[in-house]
Amino acid sequence: AQSVTQLDSQVPVFEEAPVELRCNYSSSVSVYLFWYVQYPNQGLQLLLKYLSGSTLVKGINGFEAEFNKSQTSFHLRKPSVHISDTAEYFCAVRPSGGSYIPTFGRGTSLIVHP
Amino acid sequence: SQTIHQWPATLVQPVGSPLSLECTVEGTSNPNLYWYRQAAGRGLQLLFYSIGIDQISSEVPQNLSASRPQDRQFILSSKKLLLSDSGFYLCAWMAGTGRGTYEQYFGPGTRLTVT
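Chains as they are written, first to last, in the working numbering: chain A, -8 to 105; chain B, 11 to 125.
Just chain B, with the same shape it has in the complex (with noise of 0.2 angstroms):
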């Protein structure tokens, strides 16, 4: 069975300081990986996804970057945090087109607090 593994699990960080956030799948190859973020009371917002190793797109312009090194290893990065990137980070993936899963499945996600 296919599982997603999100470390850390909480992260308290200053401002200005670098972030790295990263995230492995089991189970399953070449998915499609996800990056969310979830500030306080607020939905969802995809910042980025990836189809494939150095396939990234970015839905949000930021101060925030994100690689993919390995097929199922997707890292997203920052140089200089802001406050305002305080939040609940999650990844997700999906199978791949046609391989007959429609759905996301979650990691357990990071809570960032930047100080």
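Extracted from the complex, chain A is given alone in its bound form (with noise of 0.2 angstroms):
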């Protein structure tokens, strides 16, 4: 089985300023790692993912994210976020191997203030 801690429930920013968000995973299996934005009222859209090989991902929006083996982590980052950016982000992971259903963190609020 599969667990996924995002450390922060709400994060709070300031426009122009960088950001990361925590995203930690629990597997005894390789795994596909996800990170989803989901505006208010909306159904949550795909930032970026990581199967395999380069462990630097760029994604929309301007948002990245870095797979650590090492550490089970998969921090979401960006260098200078725009109000826009006020969302709710999940991290989500899957095993490699034929499952289908992903478990999800339990989000992380972005606020960002003018």
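Simulated from the structure, these hints should not be mistaken for laboratory data. Cβ coordinates follow ideal geometry from the N, Cα and C atoms, glycine included. A few of these clues could be false.
Stated by the list, open to error - The following label-pair restraints were derived from C-beta to C-beta distances:
| id | chain 1 | residue 1 | chain 2 | residue 2 | range |
| --- | --- | --- | --- | --- | --- |
| 1 | A | L42 | B | G62 | 21 to 31 angstroms |
| 2 | A | S19 | B | L93 | 33 to 43 angstroms |
| 3 | A | S87 | B | G37 | 22 to 32 angstroms |
Claimed, not checked - From chain B, some residues computed to sit far from chain A (all C-beta separations above 10 angstroms):
| id | residue |
| --- | --- |
| 4 | W17 |
| 5 | V22 |
| 6 | Q23 |
| 7 | P24 |
| 8 | V25 |
| 9 | G26 |
| 10 | N42 |
| 11 | L57 |
| 12 | Q72 |
| 13 | N73 |
| 14 | S77 |
| 15 | Q80 |
| 16 | L92 |
| 17 | Q114 |
If you follow the hints, you should be able to join the two separate chains into one complex; please do so.
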């Protein structure tokens, strides 16, 4: 079984500041890793994913994440946030071998202040 | 390209009334389908998933049920709603194993308020 821990339930930050949203996971098998964003009253949208290869992955809207296997982490970063980045962010993992059931973290609310 | 639809977008129902939420996917075949619920201020709770027509697994025992009468149609139902059924319901799809995509795609959601 897998588990995902998003260490911060809420992250306030000022516009144009950098931000890091933390995600740690636990799994006994290899996993795929994902970050999704959810704007108010909308469905989730994929930001980026790690399947294999380079541990630094770039996604939409200027976000990037780094897979660290030894620390079982997949932290999301953006060098300069905008007001429009205010949203809920979810980290998710899925076993790479056949399972089609992802495990989601509880989400981190990013609040960007002007 | 693929799209996913959910309706209705919002719903207000009294306790004890029935429920039917519908989800349809376009542009793909034999997708894996999922129903999730988000209670206020909480994360995603997987309710049901389906790997094919009439192949549905329940993750949480409750008064909800799901059906998949067609390949790209997924329906969430209840015979008698409870107050605790209030929440934001999300449908999602994922390509089947070996078909080259790995992530889920989510619908716009249905906001259900049970009064």
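Hint-by-hint comparison with the structure:
no. : hint                              : result
1   : A:L42 - B:G62: 21 to 31 angstroms : 24 angstroms, holds
2   : A:S19 - B:L93: 33 to 43 angstroms : 39 angstroms, holds
3   : A:S87 - B:G37: 22 to 32 angstroms : 25 angstroms, holds
4   : W17                               : 13 angstroms, holds
5   : V22                               : 15 angstroms, holds
6   : Q23                               : 18 angstroms, holds
7   : P24                               : 23 angstroms, holds
8   : V25                               : 23 angstroms, holds
9   : G26                               : 26 angstroms, holds
10  : N42                               : 5 angstroms, violated
11  : L57                               : 12 angstroms, holds
12  : Q72                               : 18 angstroms, holds
13  : N73                               : 22 angstroms, holds
14  : S77                               : 19 angstroms, holds
15  : Q80                               : 20 angstroms, holds
16  : L92                               : 23 angstroms, holds
17  : Q114                              : 7 angstroms, violated
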